[in-house]
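Generate coordinates for the entire structure from the input sequences, incorporating the hints supplied.
Chain by chain, the residues:
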Amino acid sequence: MLLSIAQCLVAQDKQFLVSDSSNAQSITQKEFNIQEIEVKGRLKDENLKSGSLGLEIDLKKLKLLPKFMGENDIYKALQYMGGVSQAGEANSGFYVRGGNNDQNLVMLNGALIQNPTHVLGLFSVFNPDIIGQMRFIKSGMPAEYGGRLSSIVDINTVNTIPEKMDVKGSIGLISSRLAVHIPLSPKFYIYSSLRASYISSFVLPLVSMLGVDSALTQSEYDFLDVNAGFVFKIANRTKLTGHYYTGNDDLKIKSLRKAELNDNSTFWGNTLAGLQLNHIFDENWSMNHSLNYSNFKIKSSIDWHNTDFNLQSQFSNLDYKIDFFHLKGIHKIKYGLEFSYNAAIPQTLNSDSIIPFQNNSQRNNINSTQATVYFRDEWTWNDWLFNVGIRTNLYAQLGPYTDYITDGNEVFSLNSIVKTFPISLEPRFFTRYLIDPQSSFKLSATRHYQYLNQIPVFSFGIPTDLQIPASLYVQPQASWHFSGGYFQNLLENKWEVSAELYYKTLENQLEYKNGIESTFSNSMFEKDLLLGKGWTYGAEWKLSKNDGNFSGWVSYNLAWSYRQFDQLNGGKPFLARNDRRHDISVVGMYKLNDRWDFSAVFVYATGTRLNLPVSFFVVDNKVILEYGNYNAFQMPAYHRLDISATYKLKSWRGIKSELNFSIYNVYNRSNPFQIYLSTSAFVNKSFDFYINMVYLLPIIPSVSWTFRI
Amino acid sequence: MNKIFVLNKITVFLLLICLLSCKPDLDFKISGYTQKVIVEGYIVNGEYPKVSLSLNVPLSGQLDTNYIQKYIISNAKVTVSDNINSQAVGAKTEILTSTWNTSRFPPHSYYGTELIGEEGKIYYLTVSYGGYTMNAKTSIPFKTSIKEIVAAPTNEYLRNLYVKVEIDSLQKNSFLVYTRMKRDRYYKQSPILNSDFTLVGENTFLIDPNRGKNDPSFSEGGYFRKGDLVDIQFCTIDSTSTLFFKELSIFSSNAGIGSELFLGEKEALKSNISYPGFGIWCGKATSHYSYIIP
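Keeping their order, the protein sequence lines are chains A and B.
Here the first sequence is numbered in the working numbering, starting from 1 and rising by one per residue.
Here the second sequence is numbered in the working numbering, starting from 1 and rising by one per residue.
I should point out that these hints are in silico values taken from the structure, not numbers from a laboratory.
We put the CB at the ideal spot given by N, CA and C, even for glycine.
If a hint is listed, it holds; no wrong ones were tucked in.
Here are the simulated distance ranges between beta carbons:
id, chain 1, residue 1, chain 2, residue 2, range
1, B, Tyr186, A, Tyr341, 51 to 57 Å
2, B, Ala91, A, Trp480, 56 to 62 Å
3, A, Phe482, B, Thr198, 45 to 51 Å
4, B, Ser145, A, Lys527, 28 to 34 Å
5, B, Asn135, A, Lys527, 29 to 35 Å
6, A, Tyr341, B, Thr204, 37 to 43 Å
7, B, Glu166, A, Val694, 46 to 52 Å
8, A, Gln567, B, Lys172, 19 to 25 Å
9, A, Val411, B, Asn75, 54 to 60 Å
Cross-link-like lysine to any residue pairs, in silico, SDA-like; alpha carbons within 25 Å at most:
id, chain 1, residue 1, chain 2, residue 2
10, A, Lys299, B, Gly221
11, B, Lys137, B, Tyr124
12, A, Lys622, B, Lys70
13, B, Lys188, A, Leu349
14, A, Lys321, A, Ile190
15, B, Lys246, A, Asn409
16, A, Lys572, B, Gln35
17, A, Lys622, B, Ser139
18, B, Lys270, A, Ile455
19, A, Lys60, A, Lys494
20, A, Lys622, B, Ser109
21, B, Lys188, B, Leu199
22, A, Lys527, B, Thr240
23, A, Lys622, B, Asn66
24, A, Lys656, A, Asp597
25, A, Lys513, B, Leu199
26, A, Lys622, B, Ala76
27, B, Lys137, B, Gln35
28, B, Lys172, A, Glu410
Now the structure itself:
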């Protein structure tokens, strides 16, 4: 593998987007410059004129942000932007404008990524050395995007052919990476990257040798990801690109005493493969086909009370999409079709002696198919810009499926239709008005449907969410999102100020009503879901400085997120788990000279909500904890300061390199990773009840060496 | 001078880290506590009824024996009848007698001495306490017996224990199985069997001894040891009781093994006791077996 990668590739940073001279690229550029927030190079007044209501940042600047254990993470940097809150310490998720984590769609080259992080959410799966473009849309979502209620993170690898071979890499404390871009001809280019950790083989023994905890050597953790792809310019106006990604995490814990688990081994990861064909008919008309496959699976084996349990969950998606783009006068028209097939294998449990669960283990897989048609038009009229579109979905659950009914089971055969949902309509409206060359306001109203749901069961970072697509007993989620903002540029666009307001409704929200034991024992947990609604609203302010040796931004979110379920909290509204009232990010980057760059990030967020018991009683010798008002408790506030310094070394035999020194969590804030309960129930006729908080990430200094040949 | 200045800066920085790195506390203010009368009552075929009463205990203050003692109810009036109108002609009705039993919790119970549970009958419970009257209804189903007990070896010393049962699909009944080895102090409940009422005909169930870490036999895990004498209680319960015990096992996991891994309770436990009572009034048809593990 290393050899093949060494034979390969790499291009440079500056080719993000559209440096190709073909007409295909020019039309693509016109299209890209409208609706999305592109994390790449940008116009100085793009925030005023663009069709997006979000935020944007230069990819090069993202790479200047403080690193964590030597890893530069453009995906995690989203959490420093307005309207985005991280789910918590060592949690892979993030919340956008009060939505749930499963309401964010993350794609790599158009292929769905179910779990975009490694190491309990500490690193993203995206290798920054092959990423060419990143778009983040949190409001005013144009009709070509859908399938999730809250946001789209659309990440693309470099798709232009570099002039010469390029090799990039980084060596860090716990992992290293290498990326190679090779132009085999002016029309054909391949690239590949590898990133691997050495936590088990190097870091944990080292830590153990230093006397920190000898038990650490009994556990293992490593992650790996591999990317490979090509860009083939078939003709002057036709381009074919392909990409393959596979990545996994492998965790082995010798003993988890609190849970009485032994020899726990968990393996999870994504595999993606995709092809895109882009063709330009003429200067005003282009077409794009994409065929993508993605698969996420998690396997876990546990020894619990001398019994081996094997737990497995999987989600696969096969998707074909065709998009057309027209330029007609002042109109930029885009329309397309999308077909997808999804196969969800929820948590299934097997055991050599599966005592508690054997009687209800006929677990259904949930297969489904979806067809989507969309149309949107964007045009400018004087100082106004409009983007109006419609997206329609037809979704059906397919067999095989068994509806376990007490009076007799109903069995659906392979690919028979179990349930067809009514056609859903998603109107999208966005407008922007340029008040003057230095200010604008933007308004949007959009409707969204989401058929693929995930429901969290465990409260910690391993991605064990239940995959529950819309099906016989599960309705699709839906929302209305209204957003408006005022944008002002100052001092020749060097400074930007913005203020945005939003209101979002959430329909058919899902909660799993039982605990983990029932998840395994219940043959149809889709019948055990609670259905409710929600609404979120808030305001976001942002002040940015884009030019000069010092740049950065301050963003502040004030938000409320509510849910209401008939069966929870006596039917009264309650604050959602992801309610973060205040969320502040301060980002600063300073270029001292040609050698030294400095950066710092400070984040503060009020704690998320959680459920804790308020009383207990004993029945059948079992201690039952009673919970009071739903989500009545609040986690301690999350805050952290990271700093970083980068020194560019002198070029040596054509190798450009730099050293990065970073400190994560500078003032060693103990941000709770997890809160759990423990009891000693009536041992010696006494009852002890503890609330325990686990802290994961203390102050972590790191150093890494990044090179480019 | 410069060195001293740098050292001072490092010292100040390290002190700052020490000062700021204190762990935050959780603001634990109880919200939403409602006092309830917790009822745990059983009427078993061939046995007198038994009822325990307590109040749910708020998780505040010092949870010592004296504190918890205040939440035990020993002065309630507890009545059991086989007729909804306990005064009706022909109704068998009994007011239970209050007795302390410190070997269990709550350390106080109400026992019958006249009325004996019968299969196929409905029984009514009335609890009068603090100006409130709480009612409940249960039935004792017809008994399902174990057809065969089988021990399958997993190694030289440990065995899986199976019970073979014929299930009548017309009855919405499930089964609670309790086992106790001689060296263990208490009966342990295996997970509820046929809790979805989907099984029919002859079924074989693997029995989980469900040992806790304080049990002498804990090291044997989910197995039984060769030569052990096992007492087995096989109880048939109706659908209302099934729902309660099924959810009880889920809810109690939040308070027991592995609780730290799971998200909190979503929906309240279902009870067949009227307001402000909570808990279960359960009829059981029970068979007893003793089996030496071969």
